[in-house]
Amino acid sequence: MTVEGPISLGLDDTQPVRIDDTQPVRIDDTGTYPAYSAPVIDIEDVHKLYRTGSLEVAALRGVSLTIAAGEYVALMGPSGSGKSTLMHILGCLDVPTSGSYRLAGEDVSAMTEIELAEVRNRRIGFVFQQFNLLASLPAWRNVELPLVYAGVDRSTRKQRALAALDRVGMGDRVEHRPGELSGGQQQRVALARAVVTDPALILADEPTGNLDSASAREVLDLLAELHDSGRTVVLITHDAEVAETTSRTLRIRDGQILGASSASVTGGVA
Amino acid sequence: MNLVETFRTGLEAVVSHRLRSSLTVLGIMIGITAVILTVGLGEGAQQQVGSEISSLGANLLIVSPGSSTSSAGIRGGSGSASTLTVANSDVLASKTVAPDIAGVAPVVSASESLTEGTTNWTTTVVGSNASWLTVRGRTMAEGRFISGHDVQTHAAVVVLAPTTASELFGGRDPVGQTVDVAGTPMSVIGVLTAEGSSATSNVDDQAIIPMTTAATRIIGGTSRNQLSSIYVEATGSKTLSAAYQETDRALLNLHGITTATGADFTITSQQSLLATATSVDKTLTVLLAGIAGISLLVGGIGVMNIMLVSVTERIREIGLRKALGATPRVIRRQFLVEASVLGLVGGMLGAILGLAGAIILPHFISNPIAISGAAIAGSIAIAIAIGVAFGVYPASRAARLAPIDALRSE
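Note that the protein sequences, when read in sequence, are chains Z and A. Numbering follows the working numbering, with no gaps: position 231 of the first sequence is 289. Numbering follows the working numbering, with no gaps: position 125 of the second sequence is 161.
It is worth saying that the hints were derived from the structure and are not from the lab. This one's a predicted model, so the numbers in the text were calculated from it and none came from an experiment. For every residue, glycine included, the Cβ atom is placed at its ideal position computed from N, Cα and C. Errors might be hidden in some of the hints.
[Said to hold, decoys possible] Pulled from the structure, derived: some chain A residues nowhere near chain Z, Cβ distances all over 12 Å:
#1 GLN84
#2 GLU148
#3 GLU152
#4 ASP209
#5 VAL211
#6 GLY226
#7 THR304
#8 ALA311
#9 LEU320
#10 LEU372
#11 GLY393
#12 SER408
#13 ALA413
#14 ARG433
[Unchecked claim] From the structure, some residues in chain Z lie toward chain A, with a derived Cβ separation under 8 Å:
#15 TYR108
#16 HIS146
#17 LEU151
#18 ASP152
#19 GLU171
#20 ILE172
#21 ALA175
#22 ARG178
#23 ASN179
#24 ASN190
#25 SER194
#26 LEU203
#27 VAL206
#28 TYR207
#29 ALA208
#30 GLY209
[What the hints assert, rightly or not] Reference listing, derived: stretches of chain A covered by chain Z, where coverage requires no fewer than 3 residues with Cβ under 8 Å from a Cβ of chain Z:
#31 346-356
#32 362-368
#33 437-443
Chain A extracted, bound-state conformation (with noise of 0.2 Å):
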């Protein structure tokens, strides 16, 4: 009997048993929904998660002032001594000290409040240079950005985030307006592309100035050539490792320390950052994965009932086809593909059922539901050898019993 015979007859099995058929189609169905659904919804939460840190720049590295790791109790906690200064920042924007940086973009920050006829409207005033757009991966909604040309001569020019200019300027087109920023007139020559907030702090509300016109301007004295932070953009993921010893190696240089437990500023990661939330989200999709393999394990359970007691109310037609000169393989072939279509059948389904909920689903509940496409190979392979275990076992248990017992059998 040749492959195409053993097909149809065990296709035909199928189909004239239809509710038997349907009935593990639709144990397999469930256990596969549910595993694409749960392992989509682990997977969406980690994606969001990571999206709203890559959100903050890619390839950033963040140096704050002061010590999070000393031990010497003189030093304060990160970000509580002014160490960082415009210079240092220059330092690590020449290629040769190091060439692994992409961008660099000094910021200092002050909460101020900013003015526009009787509306005003208090947010963070960031001062920075033209770098600061790309390094943070941001982009302009409409007009420009601070370029190196009003860095140089102090140019008293803002560039609004969204939420900013809304609460300024309500419907109005901002750009070439003025805006008193603590008391300074400004014009607006940029709005940036809304970003959505994350957990931290909200990316769209912040008016950027150009860091000179900053420290003269609106911070002024002593203090005017100390940054609040230096946010450091790496050429790329791979040279991320390589920039963050670039610049711990040439800050450490500046500042004149030779040990890197008596460092005075802080280098945090975006990729550590990532590394956490991921950590914790995978934990969740594993949890989930978890709940979906046992959905699937029950639904298994299942179909090994159905096809158990399948095989066994067809004993007399394997006695049958026996005498008729079916040889054992022959039989356990014919119930291996009526398993395994089984098992196709209602991974397919599953599969299909599982898309369907993870496009419909995110209309209804706040959660993403991110699309795996090994979820879905996964969980179709493990439908099929489902039904093939639990479907062949007891086909090549009755395949070997004396044509006459299984012709008797009732």
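The following block holds chain Z by itself, in its conformation from the complex (with noise of 0.2 Å):
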């Protein structure tokens, strides 16, 4: 069954997402989302601040980037470089000191804690690297929650949670509970949970990081493909083998990015 045409997710009735239920994931390979005419992720100037005690300390310092629609990007340093901060702002779960950030065209830096929850629902996947999942819920259940609070009829949902856990070679175990799984096949359940809702933005945060290398691979063959298939990715790693899977590798240390970052280098190291 394929449903065609724009349906409306609830948010917002100009960009038509086209839903294949037997493959939820799959958009036409004519490049880009055709719907995006703006970039997935633009901001600029950014700067957070952390405050503790007396102390503050500058985790992000004036941090400008764009990444269009269809891009694989890699957000590569060493641990205390502000990856993770500039990651959390890019998935809308804190919000910048100062600066601007349009996620799809519209402006996060001015929405209600309301509005960015609804953001992160829809717009945006997030893998983990502790995968995230509910233990206590089978995989498909796991992989429903976001369309639990998008508030999907259930039939549909488990419709998609089980097409989506197909995709990701899942389709087997979707009975099984998060400890009844390997580390490897966690987080295909968690990359499963972040397509579900088709998202404009996959954000994988070290997502091989506790993987061994073999899982690592399938993983990162996982990202390639939904890639491929027209998907915004953003990875963030400290290793650049990781980061040479990606088609740009953006650097940033002490806070800021470092150069050549607007220069798009397709498959290979920045």
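Using the hints, put the two standalone chains together into the complex.
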């Protein structure tokens, strides 16, 4: 069964999303999302200050960056460089101290908490280093969680969750709880959860950090596949090898993006 | 996220944390059981005293000769003078004088020896009229009570209370037999139903004869028209005070007394006895409820502790749910459902346990336990309130955290 044409996920009717129930993450291969004319990420002069007692730490010092729809970008830097802070701000999990952030054309910096929750729900898919699956729920119930918060009805949710699990090769383990799955399998469930809402942006924070190299390879292959099918993927890593699998690498150090960030280099390290 | 989903999520959380949930439920359950049982004990005692007093006769006024309130120094205490007469009692029985009085039972009483064959038994012999039975709220176990005709004809008949009957006749049927009352043979026409003894008198050990018979054959002499007391029954509990006024006014008139303080009789009501007794028992109930309330509070603090820990250990879950799009309101509602379910289940189980205790315990202890609907409903409401107050507060704090702070917490 294929549903074609603009279907409303309830947030913004100006952006039609095509949903194919059997293969919910496949978007036509014409390159970028035709619907997004604006870049997926457009941040300008973003600062983030942390205050611990009298001590003030500047985690980000004037970061500006643009990521176009359909790009596969690695954010790379050593620990303490501010890459995690940047990722949290990109994921609307945290708000910048100053600067502007437009996500898929929407000004996120001016949003309320409730609006941000909606943006996270519909625009962003998260993949965490710790997987962050709920241990009490079977795989498919973990995958359907974002759809629960989106208010999608039950049968549609299950259908889409199962399809997303199938897509990441976990179709035969939908009833398994996270504890019964290997790390690689858990991360694949998390990937299915990230794509189940058809988000504009997939944010992966050290997705291979807790995996052995074989599982890491599988997960990176899946991310590459998602990119190939037209997704915008931002991957945070400290591992140059992982960064090499992306089409553009942004290096971050001491809260600033290092040079060459504007040059888009395909298949190489910037 | 709609309400059904919120409920499902909340219930799942309750089920998936079995140990924690059952500890919470246990804490609430014990508190509720304690409340229901202690309040029940207090109310049971109250009802017991109430029923003992009302067993003396409902809506009853007792007029005794003499005044207990006089400060004149001449008059004796209540019951020490003989100022009530049969004529007084006849006036009170008149509907025109006292429309709110349903029945009047004049009473003369004396302690006399009853003999049946070789058995004798000394008890209170009460002379009264046909109204005595209803005014005192008694019923017949067998036979009949004294009739108006018996009173008119000075009939030599006697009605025995059950203890008296069994003392004299053992297991035999006394009705139709003859008993010597103070030397006068009288035929037994009926036996009263057992009422149970109260603290002040044994109402199951007495013999009732027509008052005319008592006046002429037992008491005799000049005091034959004097009464020990007059029992007055009001038409209802609402007219009791009207009946009191009418009795008071009529007797003051008959005795030619103009001031209330000069009264040579005393009227007491069962209501005033009841009020004194129940106020004592109310104090007991309040005390017991206070103790139960403290146990509920201690249970509540336990619940708060468990809830605080549970929310703290689930901050990561809250962070994840927020990252996936849950609004603070949705998070709060999830915990609200969890806490209310725990409170409700604990409250219900406590109510069931309390009810079971109220049914089983009186078999082992002598005190009755009254089951109070208000105590059950109230304590379940308190249980839910405890769960909600102590569970939702930490959850709503967690829900306000920035998702990343919640996700980062270990």
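A quick look at each hint next to the structure:
1. GLN84: 52 Å, holds
2. GLU148: At roughly 83 Å from the nearest Cβ of chain Z, GLU148(A) sits farther out than 12 Å, so the non-interface label holds.
3. GLU152: 82 Å, holds
4. ASP209: 75 Å, holds
5. VAL211: 77 Å, holds
6. GLY226: 75 Å, holds
7. THR304: 69 Å, holds
8. ALA311: 59 Å, holds
9. LEU320: About 48 Å separates LEU320(A) from the closest Cβ of chain Z, which puts it past 12 Å; holds.
10. LEU372: At roughly 17 Å from the nearest Cβ of chain Z, LEU372(A) sits farther out than 12 Å, so the non-interface label holds.
11. GLY393: 35 Å, holds
12. SER408: 40 Å, holds
13. ALA413: 33 Å, holds
14. ARG433: 14 Å, holds
15. TYR108: 11 Å, violated
16. HIS146: With a minimum Cβ separation of about 5 Å from chain A (threshold 8 Å), the hint on HIS146(Z) holds.
17. LEU151: 4 Å, holds
18. ASP152: 5 Å, holds
19. GLU171: Where the cut-off is 8 Å and the nearest Cβ of chain A is about 7 Å from GLU171(Z), the hint holds.
20. ILE172: 5 Å, holds
21. ALA175: Holds: closest Cβ of chain A sits about 4 Å from ALA175(Z), inside 8 Å.
22. ARG178: 5 Å, holds
23. ASN179: 2 Å, holds
24. ASN190: OK, holds: ASN190(Z) within 8 Å of chain A, min 5 Å.
25. SER194: 4 Å, holds
26. LEU203: Nearest chain A Cβ about 5 Å off; hint holds.
27. VAL206: Nearest chain A Cβ about 6 Å off; hint holds.
28. TYR207: 4 Å, holds
29. ALA208: 7 Å, holds
30. GLY209: 6 Å, holds
31. 346-356: holds (count 3)
32. 362-368: Coverage by chain Z holds here, the residue count being 5 at a Cβ distance below 8 Å.
33. 437-443: Per the Cβ count (4), the hint holds.
Going through the hint list in order, the structure does not satisfy hint 15, though it satisfies all others.
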